[in-house]
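Peer 1: Starting from the given sequences, assemble the full structure and let the hints guide the process.
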Amino acid sequence: MTGPRDLPRSLTHPRPAHLVLRGGTVFSGWAVGAEVVIEGEVVFNTSMTGYQEMLTDPSYHGQILTLTTSHVGQVGVNPEDAESNRIWARALIVQDLDFEPSSWRSDGGAEAWLSERGLAVGWGFDTRSIVRHVRTAGAVPGILVTDGTAPEELIGRAAEARGTDGIDLAREVACTEAYDWNEGPWASPSHPLERGPDTDRPAVAVVDFGVKRSILRRLVGEGFAVRVVPPGVTVDELCGGRYAGVLLSNGPGDPAAVGGAADLISRLIGEIPILGICMGCQLLGLALGGRTVKLPFGHHGGNHPVRDLSSGRVLVTSQNHNYVVEESSLPREVEVTHINLTDGTLEGLALPRAGVEAVQFHPEASPGPNDSLGLFTRFAERCREAAS
Amino acid sequence: MTKPSSVCILGAGPIRIGQACEFDYSGVQGVRALREEGCRVILVNSNPATVMTDARLAHRTYVEPLTKKTVIAVLEKERPDALIPTLGGQTALNLAIELEESGELERLGVRLLGADVRSIRLAEDREEFRVAMKEAGLPVLPAATVTSIEEGLAALDTVGLPAILRPSFTLGGWGGGTAHDRESFELLLKKALDASPATQVLVEASVLGWKEFELEVMRDSAGTFVVVCSIENLDPMGVHTGDSITVAPAQTLTDREYQVLRDAARTVLDAVGVATGGANVQFAVNPDDGSYVVIEMNPRVSRSSALASKATGFPIARIAAKVALGRRLDEIINDITGSTPASFEPALDYVVVKIPRFAFEKFPGADPVLGTSMKAVGEVAAMGRSFEEALLKAVRSLEIDRDSLEAPREVTAADDAELEGRLAEPTPDRLWELAEAVRRGWSEERIFAATSVDPWFLRRIAGLVAAEGVAADALDQPKSLVALKRLGFSDDQLGRLTNSDPGSVRERRIEAGAGRIRRRVDTCAAEFEARTPYLYGSFGDADEQPTPRRPVIILGGGPVRIGQGIEFDACCVEAVAGLRAEGYEAVMVNCNPETVSTDYDAVDRLHFDPLHSEDVLDICDAERPLGVVVQLGGQTPLKLAAELEHHRVPIWGTPRDAIDRAEDRGRFAELLSDLGLRQPPGRMVTSAEEAAEAANELGFPVLVRPSYVLGGRAMEIVYGHDQLAEYLERAAAVDPDRPVLLDHFLERAVEVDVDAVADGERVVICGVLEHIEEAGVHSGDSGAVTPPVSLPLELQAELRHQVRLLALALDVRGLINVQFAIQGDTVYVIEVNPRASRTVPFLARANGTPWAELAARVCAGASLSELGVHDGVPTEVAVKLPVFPFERFPGVDPLPGPEMRSTGEVMGRGRSFGEAFAKAALAAGWRVPSEGRILLSLADRDKQRLPALAARFEELGFAICATEGTAAILHSAGFSEVTKVFKLGQGHPDIPQLLADGAIQIVINTAAGRRAAQDAGSIRRAALDAGVLYFTTIPGAHAVAEAVAALRRGPLSVRALQDDAAGPPPWAASLGD
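First to last, the protein sequences are chains A and B.
For the first sequence, the positions run 24 to 411 when our numbering is used.
For the second sequence, the positions run 11 to 1083 when our numbering is used.
Hints may be right or wrong, so weigh each one.
As the list claims (entries may be wrong) - Some, not all, of what chain B presents toward chain A, calculated at C-beta under 10 angstroms: (1) 259; (2) 552; (3) 555.
To be verified - Beyond 12 angstroms from chain A on every Cβ pair, some chain B residues (computed): (4) 82; (5) 122; (6) 126; (7) 131; (8) 163; (9) 236; (10) 273; (11) 345; (12) 367; (13) 694; (14) 815; (15) 880; (16) 884; (17) 968; (18) 1008.
Hint data in this document are derived by calculation from the structure and do not stem from the laboratory.
Ideal Cβ placement from N, Cα and C applies to all residues, glycine included.
Peer 2: Right, dumping it as structure tokens:
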């Protein structure tokens, strides 16, 4: 006999869930996990793998994450793929969610993991329709309701839902105490990594605006001793000779709202080698005198083509940002190093004489292609050169 | 690199197992892409049933054998700057290597584009490949390349058992296998060594049961690398990927594991040296610890790249052709979005499932267990919002009378032990066996232990089985009904489960909110707006059907199978041009990912969906077509006609009643007698006694077949009462419910196929094809020639007259095919098909007229007079020869008979019959000798025709040897030089030995009856296995003699199709641009 476990969940009288968008559009599906009414900015990601990474990425703080791929949850969850110690997305919306994992790497099912962490999940949604809506209306705030409240009752509240502009979300996700990070990148059993000696590692400071662990893992892989510092760190601390370089991390929301960051960074420039990633790139842009603007619906996915202007080669990149540095706002001496080939937006900048490089995309991937890992290697080289 | 101004593309030749119509698709894309780039394109392909050989596509089209000699002749004539060998499968690659290594390309100043010989060699030579992988730091399986049995046995020490044998340079893994013990290892190794043109076999450790993945990748000259699609096989390692059920995108990898494979794929390309173009890389992944090995890579477009192109909307072949010219991916615009560059990786928000289609029923005695040598003849794919929906859509696309996971009787009848055994040795039924195991309550662990199918797939299948169990009251529960539809359940199955009928289910589900909507395949999961109308049906909130503008639907042919192949796809694609010329939008429906018809570029709108009534009706609801054309896709669309008509969908062309009149035995007889035409006398019987009586009345030999089986299945020619009784015992239980048909068999009759187009007033004859084989061989398996070589003109006129009578009587609008048998001066009508036949594209190539396009225009209301069309006139003699898959089915007698078994065809054109036949034989892969020794072994009934045949070969300078009876007759007829040879085991040397030694160049072996067939089978089989030209009929033997004579006269010339016509006829629509 097939057991009740086998029965597709859609035939088991699931609880309804609704997504009510500012503007009154309602999408419906079913609910698992927390019974809540939860507000957030609705964004979508078109990656076909890596749901655990996305959900734990602090950059999704404040957002209702919609995944477009057909099936989510099939590989469960595991400790190495977590990008932080918690789920940051406000809620998850998918077409289909698996009960049980099928992966040797998994140490638990995605559904249990999500439920235990109190995340509301909407499944059975027509995520494609949501994407089509967001694509035209732009990233909109909305409310996911999984507690049985009728969606009509929430239209008024949704109309007042706020976006992310002007909110310093980074402060909410960043660490408050500095800490050391030691774990290196995950390695396939077919390609075991040889870890270098733990002595003589140059130190790198990672200014945490909501850093993904993969960035830390990659830095360890490049031979760094990694220390994560809160965004309130002082210039003296960073430039006092302890560190060979500074990495400005990714983070959620509006870069212009991150208090004190631009000021800190403008004083770092020229003092120490810097690599900026995602929000780190935006903050560098601001510190250099540029402007950031909000994209219509952002870039969220693992398939965006970016041209590396120095080699002419196209990198397929992992992306997750709603804001971008306006190229025209940057002073002349700033070199544009990468551009996005789908919409021409800025994807990387550099100030070579000051030892500054930054990219808007995610070279640490996770999820996404490893095409740009070379940026970490180059950063390590720059740090070593500067130190010698 | 300077851009070449003229480029030669090599096609893949005839459709074979392992090399099907995907190379027509890639070739067509390649030609179009090169034209866009301003190149003059020269195409060589021997397969006339392809879209690519339409003379309007390339600038110069050579329907000539894909042999070194002919291609050199073409290159000498056309002097192209470059040659692209990566679009025509293994055939083109092997040929390109041959040309390059012989120095001919250099001599002619032709450079290879898209792949260099070193990388082709490296990818093909498994040992070199392994070494290169190891050097690049990539894991591979323990293996050794061997060239003898001794070396093989030595290799076993390191490789261990089970071991996989993979011959180098063969198609679709042909000649390989898995050995579980030393004994089978030796046997398999011998075969594998024979199969490899280089007598080289890789003996490889087996990773049976590991998960199998494939990445389709592209790279350009700037080094930009993209993965177009990841594919996961539901069948784990051990089943050839062409025989596997496959799923895109990959489902059971974490992102980190997937990226490891992605990085490895790039390293593989680096290591092999693929600078630009498309390639696929296969991986096996250990489900227990995620370690992996690189299995192989193909530095060319392939079956999988066709699937990946259709699955994602990313046209791999087209873009491969452009990057071969030096274009960068970021310079090429993604057609689908019209705004983003091709240097990205498609994101899918749906699942694609491919299921292969098999034809084991055609090869009794063939082993249906799936292994490392591909056996599928075709495939279907389907798209759904979930794996389940895609899987069930793919099942109903297969056209194997199954619309669900409900197991057929042969599966449910197996006891548990038997079922377990079958699960461990996968056959084409494995999907239903998995479902049956779930139904029997077997645990996931037990099923996994037997099959190694990933638990994720097993749970989804279990879910579908569980859902069947709660569906009974679905009609009263709208939510359940919607959920079941979203899971992919068909209206047919829900009709059965709810004790209702499909029509009511359809009504209720539409009421409940499960009306099908159209979704776009857009390469980007809706992130950007799609421009290209490439759609599939599913369920959800937002319908993406574009507003139709005078739409006319063409129903395609579904999966390629024996009897319904690529030729129907060529007809459907040609019809697009016809409908456009008449001012309509041509909307295609098809589910075959290999074909040109499922290229969104080839049509105005494409619905990639099952050719199943509910799906087609739902498409009609979305399109509201002005008409539906059902006559071009073979039997598949015809079977849907009644249902469509019932729903008041306008069917264009011949009225449906004509189909019934042609198919219903009684009405057909009435039609012929009304017109005063003859058919061979026949009777339907319901008992063995009646059968014997009927046979006496009709006179032996009789052609017998069960009335309830279509398409020549189980059809046999019976020469006497014993054989009749034996047949009824073995092949066709006869009773009142299952009548058997007996027809007088017309011995030594000449069969003729005539195709025509009619508009209700005029009938234009496309061509008359005389079969080379006599009646008794299925028309699809018979060689044929146009214009006829042995039919007097008056007789041909009579045939044309009869076709006109039939077409007008049936009120045909569009194409009709009539098969005749002519015995003496008497003309018998064997069969009438009021639809496109498989010979239509052949005739189109032979006389330079796009018949299917004209038929489509007639369907749209144009008259033949308006179109200015006249009877087709071949410019040269054109011969069609079939290609058989017998080498894939060891132990099967390679004797053509009433049941069709060929997978493809070739065309040879020449000034004489002999020249055309020689070319066709070369194109079909035969070695046609100009001298040597011929073996004659004839059935008694053929022996009076023996002396003339022997005399002809003697005249051509051939030595003759013969089996005992045949030799005796020849001696007594005065052929003193004839040597007697022995059948297998009857003396030394015996025939198989002589064949293996190369002492015989031609075998003529005719046989009748099953006993003789078994005996003769060994001669034919031995000839086949030794690669020696063999023919099984007297007329076939004479044709071979003509071919030999032509070869002795001098080298064969080549001629482009474009040289046939003075210019494009007035009605010819543009196809190329």
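Peer 1: For each hint given before, does the structure comply? Return the numbers of the non-compliant ones in rising order.
Peer 2: 3, 9, 10
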